[in-house]
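Protein chains in written order, with my numbering: chain D, 1 to 368; chain X, 1001 to 1167; chain E, 2001 to 2505.
Watch out, some of these pointers could steer you wrong.
[Claimed, not checked] Taking lysine to aspartate or glutamate and the DMTMM-like style, the derived pairs with C-alpha atoms no more than 20 Å apart in a straight line are:
#1 X:Lys1129 - E:Glu2204
#2 X:Lys1114 - E:Glu2204
#3 D:Lys159 - X:Glu1079
[Said to hold, decoys possible] Footprint (simulated), chain X over chain E, 3 or more residues, beta carbon under 8 Å:
#4 2072 to 2084
#5 2131 to 2144
#6 2147 to 2159
#7 2185 to 2193
#8 2212 to 2226
#9 2299 to 2305
None of these hints come from the bench; they were simulated from the model. No experiment lies behind these values; they were computed from the predicted model shown. The beta carbon of each residue, even a glycine, is placed where N, CA and C say it ideally should be.
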Amino acid sequence: MDVNPVILKFVYAATVVSVIMGLCSYAVLAERKISSWIQGRVGPNRTSLPLIGGIPLIGKFLTRLGIYQPVPDGLKFLFKEDVVPAHVNKFYFIMAPVIALVPALTTVVVVPFGRFVTEAGEVIPLVLANVNVGLLFLFAISSLGVYGVVLAGWSSNSKYPFLGGIRASAQMISYELAMGVSVLPILIWVNAPGREGTLNLFDIAQAQSGFWFAMWMPVSAIIFLVCLFAETNRLPFDMAESETELVSGFHTEYSSFKFGLFFVGEYAHMVVGSCVFTLLFLGGWNPMPFVTLEALGFGEGILGAILSVGIFSGKMCGMMFFFMWIRWTLPRFRYDQVMKLGWKILLPLSIANLVVYTIFIFYLDTKL
Amino acid sequence: MTDVFFYIFATAALAGALGVVFSRNTVSGAMCLIGTFLSMASLFVLLEAYFLAVIQVLVYAGAVMVLFLFIIMLLDVKETAAKKASIYTWAASLIGFGILITGVFAISAAVSIKNKAPTMPEASGTSLKAFGYELFTTYLLPMQVTGFLLLIAMIGVIVLSKKVNTE
Amino acid sequence: MSAEIFQKIAETNTWSWIMPELAMGLLALSLLVLEVILPKVAHGAIPRIAILGQLVILGHVVTGICTGTLPVGEAFGGMLFFDETGQLFRVFFLGASIFVSYLGMVSLDKRTLPQVEYFHILLVITAALMLLAQANHFVMLFVALETATVGFYILVSYFRHTTVSLEAGLKYLIMGALSSTILLFGIVLLYGAGSNPALAGSSEDSLNFGNLAGFLAANPDDTLGLIGMILVISGVAFKVGAFPFQIWIPDVYQGAPLPTTALLAVSSKAAGFAMLLSFSKVFSALEDWFYPLLTALAILTILFGNFAALTQRNLKRVIGLSGVSHAGFLLIGVITARTVDWASIAILFYLFAYLLASAAVFSVLVHLNKDDDSDLTLDDLGDLAKKNGFLGLALAIGVGSLAGIPPLAGFIGKLLIFIAAFKAELYGLLGVAIVGVVVSIYYYFGILKSAFFDLWKFQTDEEEVPTAIPGIDLGFLGKLAILLATAGTLLLGFYQSPFSSWLLG
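Work the whole structure out from these sequences, hints included.
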């Protein structure tokens, strides 16, 4: 049966989005479990669902792990009272959470999560839209996410959310520059003369069959990682929320479902960020440096595809763990430190890094 | 299909531009401008200038307008009250509108608009690599001059905002 | 396109041909470095280094012109075109920049403002204008023009502790941005028309002046090209301050720091005419529209500039509005260039005369020891001749040359343009121009009158003891600068044959 390709695209998109949403809700659980583990607590272990929770042994075990926790967490967002304070600018107040979430979900479109090799040896990327300018598209769309935070802060029409919004916009601009410059060495390497020019994330991942980029461009990787933390507003860079100073920053006035959207948006950003870091620096679906799936004999067919998705997801989950680990380990920066780090350390460092690698790649390309 | 999308995005771009001009609230104006930029980027996509589209979003919608909003919010600009237009304003608007209408008619009657080539030549800037080659060979000198432009703009901002002690 | 084509284009990037511009850029950068590495006490030397460096570059260009060793032809894949007019514009912009550097040195020394940045931006502007005069491609033209314009925005609001300077900066920014958009929109329309493969004469690189002229010649009735041309001319009319786009001139000239006013009056205007001269070749196919448009602009500009200047008492506003009328006279020159082939030389001569006269006038004004040079009125010139006879004489020569009094250079400049207009049988235009000159005599003599003859003073009840009038100390550099400007004005008035014979021959 032939399915209309447009409908098929919709089905794919819906699937990917729901997977991301599921990942987000379980990321929340992981966050709570990891924080409790780091702090020597137990974490959520009581929530049980009727029927499934009642299954002998397994049900009890899953309850202990807190597997059902995201369900009531999500319902809680839906059914609490939705307060819209009288002093807010209603239009932007309602728009802001949507603007925060939409870019995060849109960027997923260009993120490849595996590859499928046909019998003929043709490599097909598993991605919703395999566009040539994928990496730039991702940067462009995710940079729109800041409007959600800024507008939320402004439309709340009260002091602390406003400060949060202002901080978010300044921080965003400061770190986007260093982030963009830090990936340029990779793009130069991937686009070096004689190679097919591309900014496609899939091709960048495929180019790491030997060294992973994190190994021979460690400075780029570190700068990118730091900027990723800043761009996703995660601790130690959560200046926009910063509950010790700003109550809870830009979403102070938000409750219920609108707050939930911000919450999911933050985790969706984190998921996408982890995916991108994996693709750019950690070799994508290559199991180990210098070892590809093809070399292990899992090149063709469904099995190879499943393995590639599995390896990719594993690395992505590792990155998510790293995000949470940092959150519960490092204290928050002061705001002036954040600005200083962005403009006086990361930006010059990334430019120096670019110059060094440009010369190095030129040398590699012409002399070797 | 492309035509439908063209009209949708062109209308959105125009509506956004009008919104910038007519909105009394500066933040709304800025948001309308972002809408216009996004619609323009969509039009670039329809023209298959993907790189340009992405750069448009990245630079204008993603960075420049964030700064705009930042400034607007820091200055805390209030909504401006409607001003009564003087007779000169009306006359000027009328003349301007007349020129606009003449321009639109003249352009739509132009020979070069009416004659369409069966196939358009491929623009050299569509693929990223070709774009780079073009930039660093044909347009190398303008690009270097642009570097100086950005330099003096930066120095200018520093000079104009640095504290001066004027005893 | 394949890599070989790109390689071929890259080979036409002959950097040695733009040596003067490169040197200007490097000099500008080195000034910033010098500020960092030199000890604080030696910072006063930096403006002198800037002037010295520019003199060396000027010497290089002038010897190149005299020995005929400067290259001629296209470079940078058609981005630039080098010819004798372009070389003379180079000399012009360098000369203007040197004088403005001197004015800036005097003016900034009186104030506690950052100094080095002023010269840095000035040098970059001058380099951009030098490229602009030789641009042969709209991309190059626009980028160079924008570089200069952005620099002007900064220099206009440089005295940022005074509100007038800031106001002038804001006005110039808004109006300048508007004019840039108009120009750019015109360029876009021309590009769209010129690269339509369905039409004859289209090309892939349709922003190149030669290609565009070819396209317009093949499709002279294309309204898209026509509207593009009108918009481009409008954008340039803003730069020269021609009639409907002159509205910014009085306020910006008044508020801007004195050296910046001089730069706007001389370099910015000349840049506009450099552009118009090259456009008259590009749009030669559209001459049925191009020249009537310029004629209307010229008539209105001359009338407006002269009549508006009559009632002004603020010196910088007078100079600004008189500059508008000079733009009108120069527009006549551009129009006559259609039929009279030496008219472009007349324009250049006029510009050089204007440069020297303005240099003399502005050098005098900058020594008038006023804290705030935006409210410099005719009254401030009182007793100038008594305070310093040399300054008075220089002012008389400068203003006389601007007014076109024989035997000064300004007179010859106007005469050349009028002869050209007469030859081109533009009698109506000539009539308007002569009316303009007659009117202008009134306000120019107003300036001279307050400098020389305003002896009557309002007497207060308590009779002040007439004290000795404080003299004005010029210093060696000041004397030299004013001497050069006045001597140049006199020399070009008496003895212009080598200049013109070299150009004509």
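Stated coverage of the stretch 2299 to 2305 of chain E by chain X [criterion: 3+ residues, CB within 8 Å]: Coverage by chain X is violated here, the residue count being 0 at a Cβ distance below 8 Å.
Check, residue by residue, whether the stretch 2072 to 2084 of chain E contains three or more positions whose beta-carbon lies closer than 8 Å to a beta-carbon of chain X, and give the verdict. holds (count 4)
With a cut-off of 8 Å between beta carbons, are at least three residues of the stretch 2212 to 2226 of chain E near chain X? holds (count 7)
Has the stretch 2147 to 2159 of chain E got at least three residues whose CB is nearer than 8 Å to a CB belonging to chain X? It holds: at least three residues are needed, and the stretch 2147 to 2159 of chain E offers 7 whose Cβ sits within less than 8 Å of chain X.
Are the Cα atoms of X:Lys1114 and E:Glu2204 separated by 20 Å or less? Distance of about 19 Å is within 20 Å: holds.
Outcome, coverage hint (the stretch 2131 to 2144 of chain E, chain X; C-beta under 8 Å; three residues): holds (count 5)
Please count how many residues of the stretch 2185 to 2193 of chain E have a CB within 8 Å of a CB from chain X and say whether that reaches 3. holds (count 3)
Going straight from one Cα to the other, do D:Lys159 and X:Glu1079 come out at no more than 20 Å? Holds: D:Lys159 and X:Glu1079 sit about 19 Å apart, inside 20 Å.
Verify the proposed pairing of X:Lys1129 with E:Glu2204, using a straight-line Cα cut of 20 Å. Holds, at about 19 Å.
The earlier numbered hint that this structure contradicts is number 9, and it is the only one.
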